[in-house]
Structure formats: C-alpha cells, structure tokens
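Trainee: Each chain is listed here by its residues.
There are 4 protein chains.
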Amino acid sequence: MIVILKQNPNRDQLESLVNWLQEKGITIHSSVGEAHTILGLVGDTSKLDIDLISALDIVEDVKRVQEPYKNANRKFHPEDTVIQVGNTQIGGGTLTIMAGPCSVESEEQVVAIAKAVKASGATMLRGGAFKPRTSPYSFQGLGATGLEYLKIARQETGLPIVTELMDLSQLPLFKDVDVIQIGARNMQNFDLLKAVGHQDKPVMIKRGMSATYEEWLMSAEYVMAGGNENVILCERGIRTFESYTRNTLDLAAIPVMKKLTHLPIIIDPSHATGKNWLVEPLAMGAVATGCDGLQIEVHNDPAHALCDGPQSLKPEQFDPLSKKLLKLHETMKGLEG
Amino acid sequence: MIVILKQNPNRDQLESLVNWLQEKGITIHSSVGEAHTILGLVGDTSKLDIDLISALDIVEDVKRVQEPYKNANRKFHPEDTVIQVGNTQIGGGTLTIMAGPCSVESEEQVVAIAKAVKASGATMLRGGAFKPRTSPYSFQGLGATGLEYLKIARQETGLPIVTELMDLSQLPLFKDVDVIQIGARNMQNFDLLKAVGHQDKPVMIKRGMSATYEEWLMSAEYVMAGGNENVILCERGIRTFESYTRNTLDLAAIPVMKKLTHLPIIIDPSHATGKNWLVEPLAMGAVATGCDGLQIEVHNDPAHALCDGPQSLKPEQFDPLSKKLLKLHETMKGLEG
Amino acid sequence: MIVILKQNPNRDQLESLVNWLQEKGITIHSSVGEAHTILGLVGDTSKLDIDLISALDIVEDVKRVQEPYKNANRKFHPEDTVIQVGNTQIGGGTLTIMAGPCSVESEEQVVAIAKAVKASGATMLRGGAFKPRTSPYSFQGLGATGLEYLKIARQETGLPIVTELMDLSQLPLFKDVDVIQIGARNMQNFDLLKAVGHQDKPVMIKRGMSATYEEWLMSAEYVMAGGNENVILCERGIRTFESYTRNTLDLAAIPVMKKLTHLPIIIDPSHATGKNWLVEPLAMGAVATGCDGLQIEVHNDPAHALCDGPQSLKPEQFDPLSKKLLKLHETMKGLEG
Amino acid sequence: MIVILKQNPNRDQLESLVNWLQEKGITIHSSVGEAHTILGLVGDTSKLDIDLISALDIVEDVKRVQEPYKNANRKFHPEDTVIQVGNTQIGGGTLTIMAGPCSVESEEQVVAIAKAVKASGATMLRGGAFKPRTSPYSFQGLGATGLEYLKIARQETGLPIVTELMDLSQLPLFKDVDVIQIGARNMQNFDLLKAVGHQDKPVMIKRGMSATYEEWLMSAEYVMAGGNENVILCERGIRTFESYTRNTLDLAAIPVMKKLTHLPIIIDPSHATGKNWLVEPLAMGAVATGCDGLQIEVHNDPAHALCDGPQSLKPEQFDPLSKKLLKLHETMKGLEG
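From first to last, the protein sequence lines stand for chains A, B, C and D.
Residue 1 is where the first sequence starts when you use the numbering used here, and the numbers rise one by one after that.
Residue 1 is where the second sequence starts when you use the numbering used here, and the numbers rise one by one after that.
Residue 1 is where the third sequence starts when you use the numbering used here, and the numbers rise one by one after that.
Residue 1 is where the fourth sequence starts when you use the numbering used here, and the numbers rise one by one after that.
These aren't lab readings, by the way, just hints derived from the structure by calculation.
Mixed in with the good hints there might be a few duds.
Put simply, identical chains are the same to the list, so a pair is met inside one copy or across any two.
[Stated by the list, open to error] List time: in silico BS3-like cross-link candidates among lysine-lysine, alpha-carbon distance up to 25 Å:
| # | residue 1 | residue 2 |
| --- | --- | --- |
| 1 | Lys194 | Lys131 |
| 2 | Lys70 | Lys259 |
| 3 | Lys118 | Lys70 |
| 4 | Lys131 | Lys70 |
| 5 | Lys258 | Lys63 |
| 6 | Lys118 | Lys63 |
| 7 | Lys63 | Lys333 |
| 8 | Lys259 | Lys24 |
| 9 | Lys333 | Lys323 |
Using the sequences and the hints given, assemble the complete structure.
Mentor: Below, the structure is given as structure tokens:
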C-alpha cells in the first residue's frame, strides 16, 4: 500500500499514523519529494482499512499494491480450485453446461426440459424457484414447490441442480440443492454471503451489474472467510450505456479471473444479452476465451406458454449448440497442448 | 404499450396473442406498414409482463408508453407525499437535514454528534449500526448495541433516527427506529423490500449504484404494494466511468422524481463523492435544484479515531454549512413565490 | 416511427404535424387510448429528424421502429460486403489479421515487424504514422515519414497497409495507403467522415469509446452517403466503470453487427484491454464469436525501445497466436457446415 | 510517479530503467518489500510517458502522483483565470449567461433571439453555424452564412458570440468570432486542439461524453501548450446507463475543476438532459454549486419551425429563469462573504 501525504503534513498526525501502522506490523519506507512525501507500506496490508487512512487530514491519496482478498487470491493458492458436484465437476479442464428454464413452472415442464438438455450434453440443471423480479406484479416463482420439482427432475435425470437463494431465511430449504446461486442483485447482500459461507454447499456468485472485478472477488472472499472454499464465479453482463443488449457481456472477465483467482468461472450469455439469437455466438466465444462452463436458458415452449424471457432457446436449438460447444472445447484443448 | 411484429408474422401465433391480450381487458389498434405491423395496446398495461410478450417468435420489439409503477406514480397521485417523522416532516416544502456519523462507535460519540448537529439545525440523526462493508475484514458495525446508542441519542436530543436495515431477520430490532433505510446495495433485495412494505415505519430507499429511475421507482412500488405508502427516495450517486469521485451524483434525479412520483427525495452528497470537500458545493446545488432534504456525514474526530470515511465533515465544518443550506432554502422559496 | 402524444393535444398543432408528415409521404395510423394517443408513421421515416418531432409541445415521446441508417442496413442489402484490399479480402469467410506496431518508429523497425508478422500468417500490416495522444507532451508519431516507411514495408512484404488518418488536411498523403483507419476519438468527426466518403480507399471506422451500435452505424452511413461503400467496422472496447482493463471489449458487437449490417467487423483486443496477456484469450474468443478479422499490436522490442504500449506482443508471442487463430477459424468453419 | 515492479525483476532491465530515468533528471527512492519492490520517482514526471514505463517486462503497475497537466494545473497557477470577451468577462466572480438557438436558421431568427436574451440578462449569444449531427441526412447548419448572421446579431445587440468550430479548415472563417467552441465529439480531435492553440481567440472546450476529468484537462493542456491560455471548460453531461435523460449532468465537475485548475467552468444543462423542463432546476443547481456561467438554448418558435431540439426554452421561459439565476448568484455571493 502506498500513502501519498499532503504537502507539509502535521508532524503529530504523521507520527500517530506511523505508530499505528507499526503496531500492526507494517514496515514503512518513505520517499520525500518536493511536492509530496510518499510512504510505502510493506507487510500484510490486506486487513488495513483503506478508508480509515484516506480519512486522515494529512493524507492526499492511498493506492493499493496488494489485493484486499486473500482466500480467493491465486497468489496464495496457485492451483485451480476444482469443485465436485454430484458425479460431475466444475473447473479442472471440464466444460460445465448448466441448462434449464429461467423459472420452474411445473413438474412436467422441468422434467421434460431436464431430460432434453441432458440428452444434448448438459451436465447440470438450472432453474429458478425463487425469482428476483423488478416488478412486484410479475410472477415471483413457485418457491418451495419449485425446489421440489427441481429435485424430481434431478432424480429422473441424475443432473445436479443449481438454483437461486434470495434470502437467508430460505436457506433451510436449500439443504438438498447441489449448488446455491447468489444472484447479481444480491452480490453485495453481505448477510446472505456470510450465511452461505457458514454452510457447505458450493456457491455460485453472479457478478453484480456494476461490480468491479475486485468487488466481485471480495464477495467470494466473504463466503470463503466463513469457511466455505467451494465458490464459483459467474459473469452475466455488466451495465453500460449500450441498451441494445440488456447488458454488456464482459468476456475479458475470464482471463482476468484466471489470473487473479483460482476459482472457476462460468458465463451466462442468456441473461447478459436478453436475446436468444446472441446466445450461440457468445457461448462459443466464451468457450474459446477459456471459461469453465456456461449457464444457458432453455425452455420447451416459450411462444405458447408466455412464461419465459426472450433469451431462452428451445431444446431443438440448444441441442446443436451444446454439441458445438463440446467440440469447440475439445479443439481448444488440442490447441493448448 | 406498443408491440412491433416481425415481418409476415405467423397467423396462429398472432391470433393467440390477440386473444390473450383481450382476455386481460386490453384493446388493440393495429397499424400495418410495409416493413412492420404495429399493435397499440390500450388499457391497463401496468401489470402486463413485457418480457412475456417479447419472448414470442412473432414479436420484434415491445415499447412501453405507460409506466410500470402505479402507487408511486404521480399521474395517479398528483399531490406531494408528506411524511411525519417524530416532530418533523419530510417533504411538503421543508428542508430535512439528516446528519450524523457513518458508523455508531460508542454512546459518547453518537450523543455528542447528535447534540452538535441538532444545535446546527439538523432535523434528524443518521448513523449506521449494521454496516454493509465490501471487505469481510472491515468493521461491520455495532449491531443491536449501536441501535441502543442511537435511541439514547434520540432521547437526549429529540432528533428522530434513520438507520440502515441490512436483512429482514433484523427487522424486530427496528421497531423503535423512526425511518428504516434500505441501502444502495439492497435496493433490489426484493424479500427485504416486501418485508418493510408489511410494516408501518417510513422507509428510505437509496438508489442502487446502477439503478435506472424506473428500477428505483419499482423498488418503491414493492414497498407500497405491501401497503406502506411512506416511502422516501435517496440519491447517493451512480456508478460511471469517472473514478476521481467515488460515484457521480445525479442531481437531475431531483426534478425527474418530482415529475414521475409524489414521493420526497433526499440527496446524500457524502457517499456520492467520497470526498468531504465536495459535500458543501453539492449540498448547496442539491437545495437549489429542489431536493426535500440532505443526508450528510458528520464525525467528531475523524483523524484521531481512524474510524470513518474521508467523506465526513467535522461538527465545526457542518455548522456553517447547515446554516447556509437553510438560508439558501429560504431564498429558493422566495424565488418560487 | 411511433409518436406518442400528450393528453388532450392542441388540435391546431396536431393538424399541422399531420400535414407536415403527409407532405413527406408518410401515412399515419392513430390509436386513441384513455391516457395517450399514439400515431404510427408508415413509410420511409429514415430521413425524418426525430428531434424535430420530439420538440413539439404536443408530443410526449417518439420511438423509432425503423433504423435511421439505410446504406449500412442489412435489410436493404442482405449479402455480406466483401472488400478487396491488394491481394487479400476482408469479409466473405476469410480471417483478416492486421498486425504491426502501434507507432512507426523507423524503417528498420517496421520492415522487420512486417516480415515477422507476414511469416506468422498476418494478411495486413498496421502501424501508426499520425498518433492521437492524450498528452501534448507525448510522441505524436513520425507523420508523413512514417507513411513512407509503411510503404517500404509493404513493398518488402506485399502486405497491404492500414493506418490512421487524423485530420482531413492529411488526406492527400493517404492516396497510396490501402485502408484508411478512422480512430475511436474521431468516430464522430463528421467532416472527416464526409471527406473519406468522397474518396475511394476502404475506410475502417473504430467504434467510439462511448458510441452506441446505432451511432457507430450512423458514422458508417456518413461515409457511405458520400459514395464510398467500402466500410469496415472495428470494435476496440467501450468505456465502462471497470478500470482494471483499459476498456471493456464488447464481443456481442460481432453478432449484433452481423444482424444489423452487411459490413465486415474486425476486433482489436490490444487497445481494448491495454494488457498484452489478454490479447490471446480475447482474440480466440473473437474468432469463435464470428469476427471477420483481428487487429493486433506487435512490437519487436518493447522493453529496450521504451516506445510502445504494454499491450504489444513480441513477434515470438504473435507467431503461435496467429497460428492458433487460423486453426480455430478453420474449426469454426467446420462447425458451421 | 510510483513504479511497482514484478517479483524478482531482471537486474539488467531494472538498471536500464533506472539509468533512463536518471538521465531525465528523476531521482528514485526504492522500497523493497516481500512481494513487491516499489520505486518512488521524484522530480518533474509530467513529461514521462506512463505507457512507456508500463510496457516494460519488469513493471507490474505504474501510478501517477503528480498530474500530467501543467499549464492548466492550479498548483502552478493558483489565481483564477479571468477571460475578457468583448465588454464582458468569464470567470472572476461574474455569472456568464450564454443563450441562443442550437442552430442559426435565418438572420431574422437569430437577431430576434439575440435581442430577447439580451433583454433578459444574457451576456453572450450562442448559436451553431456548423452543426455536428449524428445523421448525414439531418440539417448540417448554414455554415459560413450562419456565421454572418451571428455577427449581424452581435452588431445589433453588442453581445459577443460563441460558436462551434468543427474542423481546422474552417478556422479562417472564425477570425471574427469572440469565443471558439470545441464540441464534445471533438474534445480529442488533437489536430483541431493544436490549431486553436496557435491562434488567440478564447476557446471553450466541451467535455467529451465519456471523458474523465483528467482527459478533459489534457485537452485544455493541448490548447495551452500551443500558447493560448484563454481556455474555458464546459460540462454538458456524460454518458451513463441512465437513458431517461440524454446524458447525466455531472455537477461535481464544478468544484473538482475549481480545485484542479484555474480555468473557468460553464454548465450546459440543455444538451446534458435533452429536456427543456430540466433546464431550470439544473441551471439553478449549477449556480449554487459554483459555476462561472451557463449555456442555455433559447428558440423563438420551436413548435412551428420544426427546427430545434426539445431542449430549447422559449424567450418567455428564459426571461424569468435568467432573472432567477442572477438573483441566486447574488445570494450565493452573500453566503460566501
């Protein structure tokens, strides 16, 4: 951490800062320039509160050199994290394909879709029982009943299930779920993050719509600080000025996360763009960029059911896509070798 | 609502859409052009799910004409909402000044600050007991004890208190609070919004860092749909590419909210900018733009305590600012007259 | 185009609007609802100035249905545009690889790099002679001399050259260039766009840092309206809140442009991210997403020369990347078939 | 400037960097930590090219401490710049009100508006002769003829004129203009900036839609580096995710610019929002925040003429606004005293 002092800093305040830092085991190197004095802080600065130091009258600016996350940091954990989920794994060179409907609507629907996506190569079933909706007048999901239908679909297909937890009061219902998803809007619901950090199901954290890489990793850090190391990241588009697509899918997040952290990263092209004709090209792009998996919305009858977003693929559209994704993943492995 | 159809839409699907809309009491006017057929939907479209219609194969685009919020909409509630809080009110031509520390640290601290800000003209005491922090290693607030200290400060000064609720499990502790604050990161924590909609304390909703005006109003609508009409909006800066300030304070939100809704709007220049030297000019600007009040961070000893953000003012800085704000508010009233 | 009128519009103004539209050959369908009257405008609305109509007192909002660009619009020109440049072509199923230094520094440098990138599979040489720099104190490029060096490199290798034109006064110097590049900062330099529309060299338009898809296509339309149909689009990252990378590369631009326009699209991962270790994964992602080509910075000695950005690859890094890109492009063709 | 080195940097490269810096008169302080070595560079770093240093293999990151602009920097020029324009001045405690039509349409129009706005208190006449339009099919302005009409209006009213220069080839026509405006889209048209830096008319630089404060000041630096110290800044809204308003007006730019630079700052609420009902509240807010002036669009007959944007005020709307602005400015002076 680097602390840039204002010109002619008050000596008492400077001494008090230096003492406080030294008590915390930080060594200080100072460079005195004409315009500025710069303090280089050496030691474990990850637990120093940058805001506290910035608040001081004598400080002009503080810049981090070391990342504020530890458990999620690849520097301290160089090997990729691989997460076992049912009979499949996430990370470690496999391509995870999570497919299924945005909302669970009925047992028949979710079982039919689960069978279809399994046949096409999906390795996990996604589906929402508790649904975050911007309008209080929109369908809010089937809740606990939806979770039951998902479990039936799992029983019928063997596909592990991933579904969203919206509030910590729902946590007891999620005991039998395979992966708990934290939605983009809850990425900084810190009480929820702490709660899933104190249980042992894998947790997939979707990136908030305006979350920086560092904030996203700090949310992973919240879960890991509670003792749960099985964290998966999911990029689902960030909010930008461009409104033609719902959000802007940031595929640079893949190699950036590969560098900064050891956690696996999944891409959700369906929610990112909100348009089903963009799912295929961006899913292909994501695989070639090096993601560990994809989350794709599949619905068996969008037009008649009037119950799903325009980003869903039909099973007959998902099938060739899934096969292309797997072939591309094989090709990519060959190119690496 | 306007539905733009693709060229040569499938006749069966079109008929099915038309029947479905008519069942919901919607009248349809169609304009057939060379390239596009356009359906104008007339009636109460606020409860139609725009995503459901967009999902249809025959639909190219759907555009709203009517706003999706009802209770919060000024069109259906033309008079300003005025909210009584203790012996003060929010809205209705008064200038509410909520001042106090970011975090409650001790009884002495919060009582001292409460007395100081009251003497300077503040009408409410703000202070955080439960603190949303991006790092799990940062101070998370005093919790229930912090709430007790706030109540003591209220008893000593008569200032009503506003403080943040982070999770619905904490709600029982907030029974004796005057205004419940929903933080920017929880603006779309829909379970939390529903919970505060089913109790009767006024609720202040901070705008999410990347929330549109409509999304913000839909969050107010969540609370109001539960029966709680006492909602206050608070603009605290949006996330943009500019990183010199923490966020970009959007003062246009004031007149826009005055047009779209009848709810009062408060401005928080402290969190918006993250720099205490920007609080005064932007607070003055906010008053001249027409806000109903301000939320300003005041701390009695930022430098020594190392416990508050660089956006806090000291009581001796807050005092002249508060007086200027009240004078400016008087001048503005004179200019309107 | 859809015009939404305010409630109880002034009859004279409405009549005057209707007459004005009819004179322009527009047919009008009106839907009268309780809250709003909606006018559906049918006919060629691409030359109607949306701002003029929005300015009317009686108009609440105007929404476009038809795109405001014509020459660039795939609806009116369904086949892909393929542009012949020297002995290579851009578009039409080929993968164009434009490689070379950010700035031309010397004849030796640019010839050496040109030979290296050609050997690795590049099909065009890129290099800047006139350099847009944010600081007036930074190196501004070799200018006309730099153009001469590029031409020598072309002579030595046969690679066509693409280089940036910054001001229309420089146009005479560009007579012998193969493709004229318009930089992101000049995307809405309309006088420059008109100038290159009135000459016959192909023009590559980089997307402005905060340009929407529609604005980008309108810039292409400026060039095409002048008579020059040989326009290439180049996505190079948009400005967002994320500052870890220089910009956010928007790969959705590839399929979106493929749908909206017939013009070829090139991706520049070097400028988008500003980090050379992100070039490979994003270049691979771009090819799998379906781009027509890439623009990649290659420099022969970044460390010693102190003369190029941290986004440059060395020739020995570019060589395996170029080969992977070509193999991936072949695989993608196979998957399409 | 602070240079953060990678772990175990190559010794030869480090030595070569150190020598290169020392040759440029820079003194180096190094702090060797466990994870990183940090070099503190002391001396005049404003002319060091940050990209050159970042490009080195041994460098992990470079952070500026000193601003990269010199002539525009308040640190080196503490007094406010005051610019004399005709019989009025910009900066120095006056409130400049630039009013007039977006486009000059006829002599009658611009003379009538000039007379009206002068009577209401405007101190300068604005009007566009060369118009940057996103569509090649929109009205592009009257060009040289428009400039003549502006001069006639100046003669009739005594109001100095400010008008936009779009390309350096038009510069000879601007000899008799009072203030040359550089539009937001040309903020980084560096050849244009250089050209206006080599002549002596005051130059007003509009902030680019996605320009940071630093980039904006670097554009001012371009003009000042050419010898022209008479630069005015104009904030006109930045591009964000919010699309209800055309752009987001950033009033924090006022106090930030007051801190970073000595140049005057003008606010344009008309273009920022694109809605005429937002002009008054934001203009009032801008004055209370401390701006040096406003640029406001006024048109005498928007509805009939079909020739101006929805952001224009009529003279009868501008008149009371202008008077309120001047009263508020007086009040603000009183509050400062």
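Trainee: Against each hint, give a clear statement of whether it holds in the structure.
Mentor: Going through the hints against the structure:
no.: 1; hint: Lys194 <-> Lys131; in the structure: both (21 Å within a copy, 13 Å between copies)
no.: 2; hint: Lys70 <-> Lys259; in the structure: within (14 Å within a copy, 37 Å between copies)
no.: 3; hint: Lys118 <-> Lys70; in the structure: neither (37 Å within a copy, 43 Å between copies)
no.: 4; hint: Lys131 <-> Lys70; in the structure: between (32 Å within a copy, 21 Å between copies)
no.: 5; hint: Lys258 <-> Lys63; in the structure: both (23 Å within a copy, 24 Å between copies)
no.: 6; hint: Lys118 <-> Lys63; in the structure: neither (49 Å within a copy, 36 Å between copies)
no.: 7; hint: Lys63 <-> Lys333; in the structure: neither (39 Å within a copy, 37 Å between copies)
no.: 8; hint: Lys259 <-> Lys24; in the structure: neither (29 Å within a copy, 34 Å between copies)
no.: 9; hint: Lys333 <-> Lys323; in the structure: both (16 Å within a copy, 15 Å between copies)
Of the hints listed earlier, those the structure fails to meet are numbers 3, 6, 7 and 8, in rising order.
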